[in-house]
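Each chain is listed here by its residues.
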Amino acid sequence: MISDQDRIQSPADIILRVENVVKAYEMRHFSFGGSHKTSPAVDNVTIRINRGEAFGLVGGSGSGKTTLARLILKLERFDAGAIHFEDLNVGKLKGPSLKSFRRKIQMIPQDPYQSLNPYFSIFETVAEPLVIHRIGDDKARRRIVENAMVLSGLTPAADYYDRYPHQLSGGQRQRVAIARAVVLEPQFIIADEPTSMLDASISIAVFKLLHTIKRRHNVTFLFITHDLAAARHFCERIAVMHRGKIIETGATEKIIGNPQAPYTKALIAAQPRFVSFRNIGKESAKK
Amino acid sequence: MQSKTETGKHERHSYRAKLLIDAWRLFHDNLIGRIGVCLLIVFGLMALLSYIPPHVDPMYHPMTGVDPEISYASPPSTRHWLGTDNIGRDILSQLLTGARVAFLVGISSAFISIVIGTLIGIVAAYWGKMLDGLLMRFADMVMVMPSLLVILLLSVLFGQLSIWTIVILIALFRWPAVARVIRSQTLSLKQRPFIDMARVAGASHLRIIFRHILPNVLPMALLYMTFRITSAIIVEAALSFLGFGDPNTVSWGMMLQWVWKTGHMFQAPYWLLPPGLCISFMTLSFYMMGRAMEEVLDPRLRRVRNAKHAAA
Amino acid sequence: MPNMPLLDVQNLTIVYRTNAGPVIAAEDVCFTLERGRAVGIVGESGCGKTTIGMALMGLLPENGFVQQGRIIIEDTDLLSLTKPALRALRWKKMAMIFQAAMNALNPVHRVGDQIAEAIQTHYPDYSADKTRKEVAALFDLVDIPRNRIDDYPHQYSGGMKQRAVIAMALSCKPDLIIADEPTTALDVIVQDQILKKIKAFQDDMNIATIVISHDIGVVSEVCDNIMVMYKGRMIEYGKCEEVFMSPAHPYTVALLSSHLSLDSTYDFQADIENITEAPAASVLPGACGYAEKCRHADVQCFVQTPAWRHLSSTHRVLCLKVVTNDQ
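Protein chains in written order, with the numbering used here: chain A, 1 to 287; chain B, 1001 to 1312; chain C, 2001 to 2327.
Treat the hints with care, as some may be off.
Stated by the list, open to error - These stretches of chain C come out as covered by chain A in the derived footprint (C-beta under 8 Å, 3 or more residues):
hint, segment
1, 2205-2218
2, 2243-2253
Claimed, not checked - Interface residues of chain B toward chain A, partial, derived using beta-carbon atoms under 7 Å:
hint, residue
3, Ser1014
4, Tyr1015
5, Asp1029
6, Arg1192
7, Phe1194
8, Met1197
9, Ala1201
10, Gly1202
11, Leu1214
12, Pro1215
13, Pro1219
14, Ala1221
15, Thr1249
Derived by calculation from the structure, the hints in this document are not laboratory data.
Even glycine gets a Cβ: it sits at the ideal position worked out from N, Cα and C.
So here's chain A without its partners, still in its complex pose (with noise of 0.2 Å):
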């Protein structure tokens, strides 16, 4: 296990680099007539990835955290400061280099319902990737596309492959939307709330999968969640971000463990709890 990462790596083991990135959003006021930006949505942000970790990016509705994966997936532009991949300048990518980096990083959204479209085919959506970057001959495509799918826990894939994302549940929802994000085999995969819209006992065989990719195939993952605990229990490292800032930034157990800044110690103190058989000797040992 990774222990305490807070000291500043070698650049060679950091994967993703943000740095002091800012993004405003142009909002019109009418009563002015003029468009002027508003308070920044992503404000100085830094943060350091290494390669091999999950770090888990946790903030409220409105906090900026899915704005910066935007950013970083080059969804939108950024207004200053700069983001590298590896060796890429994200900022800068244009063409041929965009889509040699589009194979390294992917991403897993958060609403399954939305994020495929309803005319593919499970086998037309998880393949559409490899079309894309011409990888592989028919043969090999449905080999590549039957792999990532098992790998997603979708088995048998054939059984899928005709089917239509109507037809599936929305955990075998984001069960495809895995496999399409693994069939490029990408280094880096920022995964948006995953399982927020997933029931209890569906987001957990999720987070296993999650967990599986990672372990297997050493995929970096920047983890977007409100939820501290799904955090907890899934990133090695994560930075609190708040009205576009990011706030803290530390290794998981630390932070929750001792949180310095009160917005931390606020959703620590917000989150449910509750005594129930499976912490109850932890519980007692801590009494």
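Position chains B and C against the provided structure of chain A, taking the given hints into account.
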């Protein structure tokens, strides 16, 4: 609620097939849609049957066939089921051919305007900003032009227009409404995560437009096509009635013009009524079908009666 | 009368008519609820928990109906009431905080006016001034500043909208509040505030509460009793402590185990097998709905209708595999 998962088990259809099945179910429940479809089937049969009369006897040819024994407007008889016009041409065979022409004009001009409108709508919404502004202002300009008047002016300038020129002109004036609707659809689609996911996967703009966006806006485009058909038929009928139609084809508007020009307006109801009714009912039937399709596509329009399908 | 429960639900079975035939949404649901107490209904989406809430409000969709059972609030049998009589009771006796409360407010009307309208529908003799005072008092109650009364819903944050909806539910001083996923889509911090608020009303105003949620954490914050549902059936019912400390039904155990909290640990490595969502074998109608996913299930579970077993006077479970002392 529970049945959501239950239905998934035995329905193994593609999304398109599911839409079609849903559409059929709603049509089945929707009286207006059923009436519309029945009427359209009747008109379709008429269009098909229009090929028969000239083969029975050359005198039944809608344009050139003249009954050698009748040279005046005659009421229905066993020889001419709906009567003849003032030079002895068979009204029934003209009526049947008119159905064919109405379908041709309606569907082809609607199709062209849908293609133009959909492309412009998607492009405007997808690239946004300047291009969006330019295209939409252009669409506004075309939209506010009185299309009938402009086409009339053009035909005055260039003499008689052929039926295909008319088709294309109607199409060129009728795309802006389609473009507006498709643009707003695309704008909301662009916000849907699966478009982002396609971008994350590395898809090019063209691929996103044609593989991901187009299939999703196509149902709406088809809906608009039924409404465009209605308006195209009306515009063509109006042009023909005013005497600016293609003189080489029989259309219902043309028939009405002949009634009018030869002064039979109030003398020969058997001549006036059939084309008039046909124009009304055909536009009505496309309109009804469009309304029913709208209900299929837009769940908000479904009445409580249909709520059980939504729940199921 | 302290012993007399406010709400008594007996053998409630709710069926939906669908194209594919009738679907049982809730089967044989029994529970009672006293004033000032709260019961939580937990279960996965589609387990019938919202249906029960809707039935208690008399708001089942058109194709849903109560096949059998009784719902008695105080001494009125809800199911025997006519529609107008039911409408008169609704909001006065029982009120609901709807799922997706964000959309429950009409965007074109001021929030204060919407609450005032709710009050005036049930108390037509109130003057405009008195209604206004009532609205202001409600705003105080749910901690929304009074100067926001004349704002529109879009000017409110998510948490404030939720509070406004709670204020609306409280407007006619109901005896029973049904909160259907009251905090879904809210931040943890806001969720905590809202739950504390609900808890406070329950204690201060002696209101009975039913909290419907898929999140066991939410229920644990507010409720005294808990009902676990699976595929339309109640499968376990008991005091929160009992169910949390000694869950009897395998599904309840799984549900509690899958709850991630700051205190418990979950060992991903130890239990790496994937839970498949496809059924392994077909279960006979009437038999345990969880049999196909259950580790402890045997042939019996797939064919036999389970019966209630009592673990204590307050704790019961619907499972064939549970061994109790009284057998």
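* **Interface hint outcome for Tyr1015(B) [beta carbon to chain A under 7 Å]** => For Tyr1015(B), the interface hint holds, since the closest Cβ of chain A sits about 5 Å away, which is under 7 Å.
* With chain A as the partner, please determine if Thr1249(B) meets the hint condition of a C-beta pair closer than 7 Å. => violated, 39 Å
* Asked: Do the numbers back the hint for Ala1221(B), that is, is its least Cβ distance to chain A under 7 Å?
  -> violated, 14 Å
* Verdict on chain A covering the segment 2205-2218 of chain C, criterion of 3 CB contacts below 8 Å -> holds (count 5)
* Given Gly1202(B) as an interface hint, is the shortest Cβ-Cβ distance to chain A below 7 Å? -> It holds, given that the least Cβ distance between Gly1202(B) and chain A is near 4 Å, below 7 Å.
* Would the stated hint for Ala1201(B) survive a check requiring a Cβ distance to chain A of less than 7 Å? -> Holds, because the Cβ-Cβ distance from Ala1201(B) to chain A comes to roughly 4 Å (cut-off 7 Å).
* **Per-residue hint verdict: Asp1029(B), partner chain A, C-beta under 7 Å** => violated, 21 Å
* Does the nearest C-beta of chain A fall within a distance shorter than 7 Å of the C-beta of Leu1214(B)? -> This interface hint is violated because 9 Å lies over the 7 Å limit.
* Asked: Are at least 3 residues of the segment 2243-2253 of chain C within less than 8 Å of chain A when you compare beta carbons?
  -> Satisfied; 4 residues make the cut.
* **Restraint satisfaction for Pro1215(B) [CB to CB of chain A, less than 7 Å]** => holds, 4 Å
* Against chain A, with CB atoms and a cut of 7 Å, does the hint on Ser1014(B) hold up? -> holds, 6 Å
* Mind checking the CB of Met1197(B) against every CB in chain A and telling me if the closest is under 7 Å? => This interface hint holds because 6 Å falls under the 7 Å limit.
In this structure, the earlier hints numbered 5, 11, 13, 14, 15 are contradicted, and the remaining ones agree with it.
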